[in-house]
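**Q** Residue numbers (numbering that gives the first Met the number 0), protein chains in the order written: chain A, 0 to 298; chain B, 0 to 256.
Don't read these hints as lab results, they were simulated from the structure.
Listed next, the in silico SDA-like pairs over lysine to any residue satisfying Cα-Cα at most 25 Å (straight line): (1) B/Lys100 <-> A/Arg198; (2) B/Lys28 <-> B/Pro234; (3) B/Lys100 <-> A/Glu173; (4) B/Lys106 <-> A/Asp199; (5) B/Lys38 <-> B/Asp193; (6) B/Lys190 <-> A/Ile182; (7) B/Lys100 <-> A/Asn180; (8) B/Lys106 <-> A/Pro179; (9) B/Lys106 <-> A/Arg198; (10) B/Lys106 <-> A/Arg183; (11) B/Lys106 <-> A/Glu173; (12) A/Lys78 <-> A/Val239; (13) B/Lys100 <-> A/Glu195; (14) B/Lys106 <-> A/Glu108; (15) B/Lys143 <-> A/Ile182; (16) B/Lys190 <-> B/Pro105; (17) B/Lys106 <-> A/Leu290; (18) B/Lys100 <-> A/Arg193; (19) B/Lys106 <-> A/Arg176; (20) B/Lys100 <-> A/Asp199; (21) B/Lys106 <-> A/Leu202; (22) B/Lys106 <-> A/Arg193; (23) B/Lys124 <-> A/Thr196; (24) B/Lys100 <-> A/Ala177; (25) A/Lys241 <-> A/Phe96; (26) B/Lys106 <-> A/Glu195; (27) B/Lys38 <-> B/Tyr81; (28) B/Lys100 <-> A/Arg176.
Far from chain B by the CB rule (all over 12 Å, computed), these chain A residues: (29) Gln20; (30) Ala30; (31) Pro97; (32) Leu106; (33) Pro130.
Note that beta-carbon positions come from the ideal geometry of N, C-alpha and C, so glycine has one too.
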Amino acid sequence: MNRPQQGGLAGGTGLFNTRQQTRKRMGSAFAVLCFLATAVGIVFLAVLLIDIVRDGAGRLSSAFLSGMPSRFPARAGIKPALVGSLWTLGITALVSFPLGVGTAIWLEEYAPNNRFTRLIQTNIANLAGVPSIVYGILGLAVFVRLFAFGECVLAGALTLALLILPVIIISSQEAIRAVPNSIRLGAYALGATRWETIRDQVLPLALPGVLTGTILALSRAVGEAAPLIMIGALAFVPFVPKTPLDEFTVIPIQIFDWINRPQAGFHEVAAAASIVLLIALLTLNGTAILLRNRFSRKR
Amino acid sequence: MPSIMQPPGEIELEAKELSVYYGSSHAVKGVSIGIPDRKVVAFIGPSGCGKSTLLRCFNRMNDLIPGARIEGQALFQGDDLYAPGVDAVEVRRRIGMVFQKPNPFPKSIYDNVAFGPRINGYRGKMDELVERSLRHAALWEEVKDRLDSSALALSGGQQQRLCIARALAVEPEVLLMDEPASALDPIATQKIEDLIYELKQNYTVVIVTHNMQQAARVSDYTAFLYMGDLIEYGPTQQLFTNPREEQTEAYITGRFG
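Only chain B is shown next, with the shape it has when bound in the complex (with noise of 0.2 Å):
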């Protein structure tokens, strides 16, 4: 039986039996777990044991993915995501993403941010909104002198945050993050993390990740999965000194993976 935490506190995230497939192959595994709010989730585990596709199912990317399918149920505040009526461009707004590559728009780092409250229909002052996002990124004083020039001549960690800004620009309540960091340089590595530590008092943040001291450093819990079973999830500090599954400690010691 392995060894699942049932999280204290309100749970924010909720799969329940969550599986996918993507045509015959089955990617996650009737997984259940609870995201606690205002925490940092992190999800290990080798390449292709499920992590990235468990998290894209709490923002609906997955429905984007042709032949990807859902059974069982992903909740947010309760709510089924996947629920008719549930409108998956309504969940990606509240529900946002950072992605492995950092991905910004080829359009200058004001627009970069302005692009979602725009089509989101943002009432606000925009520039304040836009400064607010970019010191949130903690990239503000990087780029406050050249807002108009393109974000594609940033370097790899400041795009990487500049995209974290994008995101939380449109205000939402769970941040997402596949491997943010693993394209980036040791430094801007740091940064992302001191970044993730700060953001976990306003969202949830869940962050998929192969590298289990940026687990280790950044994350209140962890969860361990293996070939689309989710094996342990508990206190990060726990499952790294104290892990109660063989396979758990097989992995973090490095032995597979």
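So here's chain A without its partners, still in its complex pose (with noise of 0.2 Å):
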């Protein structure tokens, strides 16, 4: 450890100090700090659950899974809600997707470098930050009362389409653009087309990362509420939207209304329809991870 220097530049200069002993623990001290800055998420998120499940889980059953609202809190129930947020999940993916991928292709594959494109990227980046009851006010104006499509399913999960698009063209970006150049130049070597290269190069390998986006970017629409409440989107809901044109509910404005009920059994109710929202996010995540491991194990 402490040998005396010897050979190198005549014996050494003597003018090193290695700090040995302070680096080491600066090493060990800043470890420490990240342990420390896990260790407050995972705190805060297990109280968090500890509660919910505490306050809720005894509401939990099939019956408060198949049952409608109700003004008395032992026989209320959540499907409406959930079925509605299984309703707008589904046609926000199948909107928010698509267009959100096709849009992050055109600006790193075909898109030219200039102040059109610039300005284009920059705006995505700004509207990923617009807080999202703006979201429902443009929801509002355009699909509820422009398009006519009323307060309805399809209007809330355009809505949030929009919402998440930015975060989802963004995300598919840094997918797009962590393929290394070389693969595109070995495709084009071959003779493949612009077209070629990104379909089989391009994309494939770029699928993890977009997923990983998408699936964060819909979690996040799953838990929203603000924009819905915004677009008209009801807080007692006695049938189960059939197309996505009835009215509906789901399932934060349903935990909200419940929330703000003076009879303390609605908490209760609150804390299980949580549990509910939080096994639909964990399943979402988690066939998320199973698609993305799937992709990535083809290689």
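Mind docking these for me? Both chains are given alone in their own frames, and the hints should help you get the complex.
**A** In structure tokens, the structure reads:
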């Protein structure tokens, strides 16, 4: 360790003070700080989970999942909100995924690097930061009023699709940009067209990253209440939406409604609904990870 | 006056007063050179002399670099590669390329070789073509039992031979190699060099290299470029033992570069 310096520049100039101890301690301290940062998040998540499970686990049952809302907490069920959330999620995914990935491909692979492209790029980044309630106002004006869809699942899903589009675009762009250029050149050198290069080489490599970004964005959409309240999703829906043009509610709005009621029983119902929402999110993310691993393993 | 050989035999590739600009920088300055059919020609010169840029003109890979501009002519079997109506995609199928760093696709060994033939509508038996290409690239014996495993699991030298097999699979007439062995160890390098020697039976090979011993070992003719100019071009033996230009001599004896 503290061997005297030898050899090298004529026995060493002796001008180095290597401070081994200090440097190692700094390294350990940094690791501890990073661990603490992780721990903060985990602790809060655990507290939240324990809290809602303690409040709501007793209310979870098949009757709760298949029941309609009610004035009486003991009879209240979540079926309309659950089905509403699934409808919304499905349509949002169908709309936002192709639009988002298509935009990302165009921006990364086709668009010339000029002022117009940079303008679009900057605006997409800005749109990712616009509060969701503003998207709600837009959805109300465009989908509900202008297109006259009414206060329905379709209007809500399209609004959420717009909301998460910037996030999908940006994360897909990152994934596409991470594909080494040598892969593109290799394909071109074999006589591949740009479309073949993108289809057969770039997209398969980018897909895991694209899927991760999309799923994270969809998870956010599932948890949104504000923009849907804005476009007129109802708080009390005693029926299950059957088509995209039906009126609807979603789990976060249902939770919000229940929590606002004075009866203590509804707070338990709200906690139970939160558990359902969390399980839905977990399933969604789990599916995404499975999908991603399958695509990654094929290589 | 630089001494530029007029090579004997049929000319496969030719540059006439070819200049390449990247934005405002003049990377290749009015180079004229003829590359004979089924010979190996080496481009040597210090970094930034324009040898890779000149090479990429012959399969229009410079098209992919934003801001690259070309003047003069690049001919393949007498036809202008940059004439209107010439499809760069078809040019690249007939004039293949191997890059400095092995760049196999992150797919199976088989799919790496089969990708080019598939997109180019190959109608023969794919398995046979894949085997033939891998044999030509002297890789078949090493990979024949694991064609389905990932190309990324191969060593660097094997990956580079896979890239050569992949290039051969679309049945090109010319193979352009941009420092194909510079990222490889000496044993892998020797395999690539042996392979180049084999390849000239059927293909015209143009190789860019930093390594003068390599140029001397594998090539029939050598071109020395310096700062975008073609300084000297002649039979390899003569250029290395009896260079006519002072700059060539200075470079090959290691006085600069």
